[in-house]
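Trainee: Chain by chain, the residues run as shown.
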Amino acid sequence: MPFGAGKVALLGAAGSGGGGSSIEPIQTSTSTAASLTFTSIPQTYKHLWLVWTLPGNSSNWGNAYTYAENDPVPNYSASHIFYDHDYSLAIYQTDEQPAGYGLKMAYGDDSVSTSSVQYHEFLWPYYSDAAGSGTTSRWLGASGSGYTGNPNTAFYSYLTALNEYGGSTATLPITELTVKFGDGTALPSGTTRTLYGIN
Amino acid sequence: MALEFIAEVDANSTDTENLVFTGIPQTYDSLRIVGIGNTDYSLSQGMNGVFSLQFNEQTSDSKHAYMRVASDYNGVLTNNEGTYNANYAECGSMSGNAPDGGYWPATYIIDIYSYKGEASNHDVQYFSRSVLATNDNNYSHAAYYAGTYNNGTTAITSLQLKSAFGNWIRFSKFSLYGRD
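Sequences listed follow chains A and B, in order. Taking the working numbering, the leading residue of the first sequence gets 1, the next gets one more, and so forth. Taking the working numbering, the leading residue of the second sequence gets 1, the next gets one more, and so forth.
Derived from the structure by calculation, the hints contain no laboratory data. In this text, a Cβ means the ideal position worked out from N, Cα and C, and glycines have one as well. Mixed in with the good hints there might be a few duds.
[Stated by the list, open to error] The following residues of chain B were derived to be distant from chain A, with all beta-carbon distances above 12 Å: (1) Q26; (2) Q58; (3) T59; (4) D61; (5) S62; (6) E81.
[Claimed, not checked] Computed from the model, here is a short list of chain A residues facing chain B with C-beta under 8 Å: (7) G20; (8) T37; (9) A78; (10) S79; (11) L89; (12) E121; (13) P125; (14) T136; (15) S137; (16) R138; (17) G141; (18) A142; (19) S145; (20) T160; (21) Y165; (22) N199.
One chain only, chain B, in its complex shape (with noise of 0.2 Å):
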């Protein structure tokens, strides 16, 4: 298995909310999404941030699904056994704005499989792992996200990692590899 960069976003220039991953190539087995990220938004303690994906910058179609096995500063969450026909697939949390003393980055790792459309009814698949912790652990947490993208037969040329409450601030980017 080979591991090949593609691309990198950043929000350097600017806070953005949706950071795009464009021409995607067809030519791997799968993607893997390395990065660090935070936002502007004031969040409460929890998993109350959202850093969710877009397949081909689908925003209203309802075909994301998700689900969620985490914990948080307080101990182990309760599951999200699935959200379904959604408009994003969750895949991260992050701590928001200057909790604990700073703007925290979260750590996310995701993977994505079946993205080229080859084959009916094989939805494009996601694995990920978002990791943060903050001074005294007061905003920390640990999440597996696995979920799916109902695109059928279309394949996935761009991806957007959408920050759903506040914009990434500048430090934020993300690499995207090819697996084969």
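Isolated chain A, as found in the complex (with noise of 0.2 Å):
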């Protein structure tokens, strides 16, 4: 379940983060460009929540891949993908990636329609801590969840966890975060990204 849009935006219209709730949109985008990445992330929130929607649309545009960094070469990291793809379970894990490449983060239909429809939502938790590798500081952790589904072909949930190592640069505090969808093709006009800081 979403942690709260509907009082998140309307929060955001009223150009206004209080009103007693703890999240606050930092950045919406509705680029449609594969890649986004959010810049200068403030360090006054204990959490960060990527929330990302994309409506159908009538071209196959690949497949339907999330992916997450802090930063573009991500050694050192691993991710591991628990799925429904209709009635069967599986698992995808991935370790580190090439340059530029990020981490799978999201798994999906690859023959998306007109009458298919994404969402993903990923959370950073304690985000800007100090980076480590013993018992009183750590590497980073993130958890991410979504579906998507295709009336016409397939539905898919499922549940990702994405570690960083110590020895990569893209580990905490994270002040930089780029999303992007996997084969770089562009997406379709509707899709809206947000990042959400939560206190």
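Hey, can you piece these two chains together into the complex? The hints should help.
Mentor: This is the structure:
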């Protein structure tokens, strides 16, 4: 279940982050570029939360994979995705990826039609902590979940784990975040990516 | 729906078996916990760590129940289709003491419903997600949990987060939010 997007939308429209809600929109983008980078992320929140919605499109625009990274070279990292494809459960795992490629955080349909819809959300808890490899400090951890639904072909849902290793420059604190659609194909109009801070 | 911060617990000062939220307000529709953690215990591969909830810090009244759907480094796991009359309710796992070269933190999101004991036969319900990916995925997992606590009309005013094997190590911490 989303954190509370309805209240966030109201606060955002009013230009206020108050009202008792702990969720504040940092930036919303409707760019149709496959890759989007959030820069200069404030270090004043406890958690980061990204919500990404994609409407249907008449073309097949490639694998519905999402990548998220704090650095274009996320060495020393891994993701584990537990997904459901119709009635089948399976896993997809990956570790260090080539430069600029990012870590897969979502799994979905690769034949998207006008009737499809995608929803992805990712959470980076305590993203502004200092990095470390011991018991008092740590490396980055994140959780993702979402679904890609296409009544003409298949339905996917997934739960993702993502962690980054201390040897990378991509560890805590997160100051920059790039999310991109897998094969670089432009996204359909109506795509929305919003980064929230949670106090 | 709003999300309001209530409190934070952590093991910053010392490794701790139980982290406890107390004085939980009775003014929200539901609660959410967001956290990150690990234990100092040496665990073998797979989901052998146990993060559990104990409502109202009850440790012996056998009123918890839970189930789990999960995957680990090796594939999809056989479902735990129900554990009943337990003294705790599982809601997550972790990798333990330095597997794959480090103390990898697991990420947790836990939603708790019907916690105010407003009507009989409306037990506390929770839904949890626990995820972790380690280097080369040797100790990775992703899991959904669902469970209940048979509180009847007794309000939940405290909640114990238990590391069942070893203590929460010091970077572990959790935020409690109210939702309405």
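Trainee: Against each hint, give a clear statement of whether it holds in the structure.
Mentor: Each hint tested on the structure:
no., hint, in the structure
1, Q26, "17 Å, holds"
2, Q58, "26 Å, holds"
3, T59, "25 Å, holds"
4, D61, "29 Å, holds"
5, S62, "29 Å, holds"
6, E81, "14 Å, holds"
7, G20, "6 Å, holds"
8, T37, "22 Å, violated"
9, A78, "4 Å, holds"
10, S79, "5 Å, holds"
11, L89, "5 Å, holds"
12, E121, "10 Å, violated"
13, P125, "5 Å, holds"
14, T136, "4 Å, holds"
15, S137, "6 Å, holds"
16, R138, "4 Å, holds"
17, G141, "4 Å, holds"
18, A142, "6 Å, holds"
19, S145, "7 Å, holds"
20, T160, "7 Å, holds"
21, Y165, "5 Å, holds"
22, N199, "6 Å, holds"
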